[in-house]
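Top to bottom, those sequences are chains D and R. Note that the numbering used here has the first sequence beginning at 261, numbered continuously upward. Note that the numbering used here has the second sequence beginning at 11, numbered continuously upward.
Source of the hints: derived by calculation from the structure; they are not laboratory data. We treat Cβ as the ideally placed atom computed from N, Cα and C, and that holds for glycine. A few of these clues could be false.
[Unchecked claim] A partial selection of chain R residues facing chain D, derived with a Cβ cut-off under 7 Å:
(1) G70
(2) F135
(3) R137
(4) V144
(5) F249
(6) R436
(7) F449
(8) T452
[Unchecked claim] Some chain D residues flagged as far from chain R (calculated, every beta-carbon gap over 10 Å):
(9) L301
(10) E579
(11) P594
[What the hints assert, rightly or not] Label pairs and their calculated CB-CB ranges:
(12) R:R563 to D:Q460: 50 to 56 Å
(13) R:R563 to D:T644: 26 to 32 Å
(14) D:T623 to R:P345: 47 to 53 Å
(15) D:Q460 to R:M432: 33 to 39 Å
(16) D:A464 to R:D414: 33 to 39 Å
(17) D:D675 to R:D136: 54 to 60 Å
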Amino acid sequence: MADQTPRAGSVRSLRDTDWSHLLTLLRDRRQGLGIAVALGLAWTFGKIAVPLLTQAAIDRSISADGSVLVWAGAIAGAGVVTGSFTAARRHIAFRESRMVETLLREQIHDHVLGLHPAYHDRAQTGQLMSRMSADLNQVQMFVVMIPLTLSHLALIIGVGVTLVVLDPWLALVALAPLPFVNVTAKKFSNAIHPAVLAVQSEQAQLSAVVEESIAGVRVVKGFGAERVRMEALSTEADDIQRVSLRAAEIRSRFLPLIEILPALGLIGVLGVGGLRVLDGAMTVGELVAFNFFVTLLVWPLRSIGMTVAFGQRAAAALERVHEVLSVNPAIVDPSEPTALPSTGTLGSVEMRGVRFAYGDQLTVLDGLDLHIAPGESLAIVGSTGSGKSTIARLLLRFYDPDDGAIVLDGVDLRDLRVDDVRRSVGIVFEETLLFNDTVGANIAFASPTVDPIADRSRVIEAARLAGAADFIAELPDGYDTVLGERGYSLSGGQRQRIAIARAVLADPRVLILDDATSAVDPSKEHEIRSAMATVMEGRTTIVIAHRPGTIAMADRVALLDGGRIVEVGSHEELLARSTRYREVLAAQTEATVGGDN
Amino acid sequence: MWGGAGVDPEDRLDRAEAAQVLRRAARLAKSQRRTAGAAVGFVAMATGTALFGPLFVRHGIDAGIRTGDRGALAVAVVGYVLVVLLGYVGSRRQYILVNRAGEGFLRELRLRLFAHIQRQSLGFFDRNKAGVLVSRMTADIESMSELVQWGLLQFVSAGILISVALVVLMVLSWQMTVVALAVLPIVVLASIVFQRRSNDAYLEVRERVGQNLSTIQEHLAGVRVIQASARTDEQRHRFRMSNRGLFSAHMRTVRVSTWYFGVVELAGVLATALAVLAGGWLVDRQAVSVGTVVAVVLLLASLFEPVQQLSQLYNTLQSATASLRKMFDILDTEPEVDEHHASVDLGDSGDVVVDSVTFTYPGSDVPALTDASLTIASGERIALVGPTGAGKSTLAKLIARLYDPDQGVIALGGTELRNATMSSLRQRVVVVPQEGFLFNGTIADNLRLARPESTDLELLDALDRIGVKGRFTDLPDGLDTEVRERGSRLSAGERQLVSLARAALVDPTVLVLDEATSNLDPGTESEVEAALERLMSGRTVVVVAHRLSTVRRADRIVVCDGGRLVEVGTHDELVAISGGRYAQLSSAWEASRPVAGQVVIDSGLN
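Here chain R stands alone, though its shape is the one from the complex:
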């Protein structure tokens, strides 16, 4: 829609900022320079030729018709035909080339931005909401697309049209031009006022559309509650209020634009009237020919559209620079966890040393982990227990180097994690989260996540090693089964099995596990347990434990509380400490053993 893009006042850039942002974007678009140059050439060709039409008409009338020279008339007609054909060719090429340059630039921007987002460490994702990051990659880039596709084309063609038309008009008759252009200030002024008011009006529409949609969504999601509460009529009334609010917002945009279109139309006709007036006077005095008057009137008509286009472009430019700045903000964020030039590959050893580690989450004042020290032998199985917020999962994440500690050192096989290459780190240490998270694609795609080059045999072997091969090969499409969005085609237990097989394929030295709190479907529960047991055997395991059975199977238990490691030892050792944290927890579990089922401790980390 006309001028439909609103820009929030706080997002609007001042002129210097906008220029800087645009220069940087131009540098980014360097690879498209040649295509863009050619595109500008064809735009100029298409636009320029359109201006020659009236000139040939003038020539035909003055040199041909008025003097009775049929040859001159023929020249004018043939010239006009050639110019139109030339314009046609230029116009065809311009659509293709502008698109190629613009989309090429956007594609590069998408890839670069996504690569940069992915390089960021978890802290970045804690700070930035997922929705905002997604909109940088989608809405913001798409709002640029309007600029690179139409904006540039319009800018070039409107610029050429206006300047060439002005020059030609001045040459034809500067007197008529000056008189006719007396209306131009009206158009410019009206455009500026319109831009300002319409921006606010369109912002309000956007806001109301969102509100209205979320009311609809709320009512559809809550239709059973609404009916059960016999509230249908009240909710209908509520929707009417919201819907009429949207209608008023729409009407505001209509009021804002209505007078503007009237003024623009009036100005166009007024310019013709003025040109006729001046032309008549000049013809009288034989200062200009009748053909000139006709050409001037024709050219004037082609002057007003580009002026309108340029004022519309201003809005597009503002929303594009606002989007660009937000994207550059992301590109300027350096990842906190990264490699450096002296990084080395990690060795085979599974010894983990945590030495005096303190860590505070970005944006928090309270350390999540304070002065934690722990030595884990190769092949040892450690269970982390404690209430929510005790620091269990923070310790697990630090061991996997999803964050770097603020103070202290974490080392694997004697190499500090900070000095390890990311690729070797991800091969030695694997994190299996609480719930099996699958991506859209096949089961095989999901297994290959960490090792894209794995062969089908290797996939089957990984599944076999944790004892779940049959479950997936028996599916009608086997490993090529599409799991759909978030793996919704599989059950929660099956997703967890795929997630475990994914880890088995990497074959890491250290396994960091976050145990699920909720029960899975009974059918797969025991299968997941068995697969997990197979996956853990022979590796160093750090598990954030929620189940008594898991705790009992660990070699040593680490009790976390308030960000500190308060007790470390075997089950028997810890139970023996009278009044100890673990002893308390353990007796509470024993007391609550139910008729059936198993114990789940606390609600885990999220």
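So that you can see chain D by itself, here it is in the shape it has in the complex:
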């Protein structure tokens, strides 16, 4: 899959590898894997039967008793057995390994999706993606090899015993080089892995040079920098060639050796075995069978060596996966949740002495007190980094305050079910993320009871209130138009109106508009504002904004400074009386004129 981050040190010695996660995993799949192993063993018997039958056929055909037809038929029969068993074994092995991969991916996905935002603040998307793709690939590649490897192991033992029974001394000659095949294969697998990663890493670097040269083509052209970029590229191209040659050197060191080692066994059998036939100690047929058996062992030994190396990588990958899975969610439902009051005047918000810092960083909120009455709208104004958005995040219970309490309609948020909090508190973010789904589904996103198709009229009504109905009607498929990264793309203002429609439809008792107009083209801001005014009506609303036009929409304005609310009043009052308020606004405000577009 896509992510191929080179990870140094992913190959460890056998003893340092933590096999526990891998073993747990295999225990869960023991039934399917067991069947595959059984099929593999049956295949192995067929595989051993072929040379035995061939030997018998040759010996008998020389004595010319006319039974050669029977022997040939038996060989063909063994072929049918091995052919169908190899197919069945492959099928089950792949099914099991893909199932392991699929289930693990769901497990990681589901777990990560439920983890608290503080975790996601630190986690890198690329790393998590790589857990769910590259790492699981490693696991799959190993699991698929297990049945084959176990039947290979059985084959090696079976053939080894047969050879010893046939002729112990000749067996020693034939088998002597074979352990080296195994050792060399494992060494090779460990040596080539980092080399292959290095090639991938150099390729990624070249890709980065190409990407930035094309993204910055205006600069390259504007400055005539083609030559400099060409040099950067040729450095990377040389690097690729260099590391790729190194990988070829590793291949040339190991692969030819792996190829000739079994041939040495064959030569030994020819020489020593030939002498024994001459001495009358064995038949020609037995010698030929010996040859066959030795060739039979070549592949299994090679593949066992590689499987061990694969297993180490899979164990390391699972360890990384386990690291993610072992993170406990910090924001969870209380053991005995309180129900939110559902009658009376609803939507009061209170923050009492709230203290909060992100992790071990500086304190953002330092004993903040704030009360918002039901139905009231309050604008929060403060300089960049003053903690405006932190208030929004605490209200959604993305984080818990370090000290103090946040109370919604008389209940501490920590005593409520997390889903209840989030269904009661709605938010329109600064930048709206639209999902790769229809317009209707995006609007109904926060309303679990609304079906985007069956309840179309409610979706349309929400869009109308948010001022989005007109442009949606003009989309190619109206409410069924697919949006998002791989769908139709909307302008910033249009996205914001979809987000507001989402909030309207969800009908929360408290609504937060977190910088909802800042990503919008200034000339389009008035359209968003009228949509905002509609949703704010009669609803407890917190407006985080820095454009005066948006701030003025709220009933009251609170100035946030030094982690506390320092001034409260109407926009005009604060403009008139607070120097700090004027300063904060001046630093942020930029009046804008939209030309005539």
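With the hints as your guide, set chain R onto chain D.
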């Protein structure tokens, strides 16, 4: 993975096209001819020797063991050892030489393709998406790498194995060979059917993998929205659907390949059975020796693997020719803006003449600029204003010859830009874009972009001239500070300062500026303003203006609208035209002057 590369049906080339593409690739690879020849030699050596093994076994059995001739047995053993050692040597060399030839060819392809992409003018980059160009340079070349590394090696070795094995088999016993090879049509037929079906199945897997990854990415990027909307369980369900879809696609590839592997295995054993049958009959009649039967059975086993390899190679070849054709399409695109043999160097003068210029962007029906004429005196400062899409930035780009006009002439110091050498043009005219775009590397690397030979002193001098030397020399690593990807280590303002210093280092006669629309961090805002002012002084400046302050400082203002230059004059002159475009704009700005801050006009060009 086995046969893992899928080829889109629309990318697949027919036989004649593929042959043509491959011939052209072979011509490109000319410099690697000697290495490639040597590589083929060693491949042949490694493969050929492997075939001699069974012959020595036969000799040992027939001439040695059966006749009791110990000398003949010794000859067979020693011969076998020599052949194996020879094979070892050939095999070692083959890995190195094949890699050297293949990677050498790919390196040349990379350089040639990149050089050609860079020669293209901006119109080319408007037409071709960045992602597509990047994948030509990366994914497409890497898909070739499979062919040049393994494909050729396999092709040569499988070809040699099959032909030599066949000849040897025929010589040993044509009767046994013919009987045993009766299974070959089954293998060939199965391979063809498998290739077809697996291609579709693997394409589906690729598609599903991409879909699944983008669902994961979407969910990770939107985890806060999902949680805020209490939608976690629904999104989990949604992912399960996508993930299970991928599982089914994987299972389809397994079903397609499972029976194939069974058939191939069966065919191999069946061939042995047939050979034994025929051999037994022939030995009975004393037509062949027992040693021959053994040799034939051994050789047959080595015949089936190369047949499989060749059928796999077919897929690799198809995806490689598809990639090659896409690359050749780029190499065949001639740049629109280019020099010709009679190009001359531009002089020192900063007079710019735009005469009746009309320009339409490729792929558009509406001209971006219609019949524009303008004369700019050396050292004059011109502000271009107007709404988005009015033609401001098009005019700026034409003056910098990022495009050539469809009609009309643009001249600098009396020389038409079309007749100027590119190197002199880039020294006389420099474009500074809206946002400081930095490349991965140090600050010094970024400054040297246009003048790679500049000394450290010259860099410091350029920084000094725009008054920002201290800002960068005070960094712990000074100008050797790594700016990281897209300059992410520096603030937006600092990136803009580096971009301005980059222009100062070139010391151009004409400066074409695209003013930033958004505000920078307050700390650097005034510093950028001051640096810009220093950079502009003494040069002819054409600025696409978004700020009132910039417009007011210009010598003359050009108002663009609908691709035409509708008003040209000083601020006072234009304000005096009652009902004029500029007069309207200007009064709108005055009315909207805020409590603080400055005016930004429209959202600029992108």
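Hints and how they fare:
Restraint check, R:G70 versus chain D: the minimum CB separation of about 5 Å is within 7 Å; hint holds. Evaluation of the R:F135 hint against chain D yields a held restraint, the C-beta minimum of about 5 Å falling below 7 Å. This hint is violated: R:R137 has a C-beta 12 Å from the nearest C-beta of chain D, more than the 7 Å allowed. At about 5 Å, the closest approach between the beta carbon of R:V144 and any beta carbon in chain D falls short of 7 Å, and the interface hint on this residue holds.
Because the smallest distance between the Cβ of R:F249 and any Cβ of chain D comes to about 5 Å, under 7 Å, the interface hint for this residue holds. The beta carbon of R:R436 is positioned within 7 Å of a beta carbon in chain D (closest approach about 3 Å), and the interface hint is therefore held. The restraint placing R:F449 at the interface with chain D holds, with a minimum CB-CB distance near 5 Å, inside the 7 Å limit. Given the 7 Å rule on beta carbons, the hint for R:T452 is violated: about 12 Å separates it from the nearest Cβ of chain D.
With a closest Cβ-Cβ approach of about 16 Å to chain R, D:L301 is found to remain outside the 10 Å limit, as its non-interface label requires. Residue placement check: D:E579 keeps its beta carbon more than 10 Å from all beta carbons of chain R (closest about 21 Å). Every Cβ of chain R is farther than 10 Å from the Cβ of D:P594; the closest lies at roughly 16 Å, confirming the non-interface assignment. Taking 50 to 56 Å as the suggested C-beta distance range, the pair R:R563 and D:Q460 conforms, at roughly 52 Å.
Judged by the Cβ atoms, the range 26 to 32 Å given for R:R563 and D:T644 holds: they are separated by roughly 29 Å. For D:T623 paired with R:P345, a C-beta distance near 58 Å fails the hint of 47 to 53 Å. Distance hint check: the CB atoms of D:Q460 and R:M432 are about 36 Å apart, consistent with the given range 33 to 39 Å. Range check, D:A464 to R:D414: about 36 Å between beta-carbon atoms, so the 33 to 39 Å window is met.
Separation of D:D675 from R:D136 is about 58 Å and conforms to the stated range, judged on CB atoms against 54 to 60 Å.
Checked against the numbered hints given earlier, this structure breaks hints 3, 8, 14; the rest are met.
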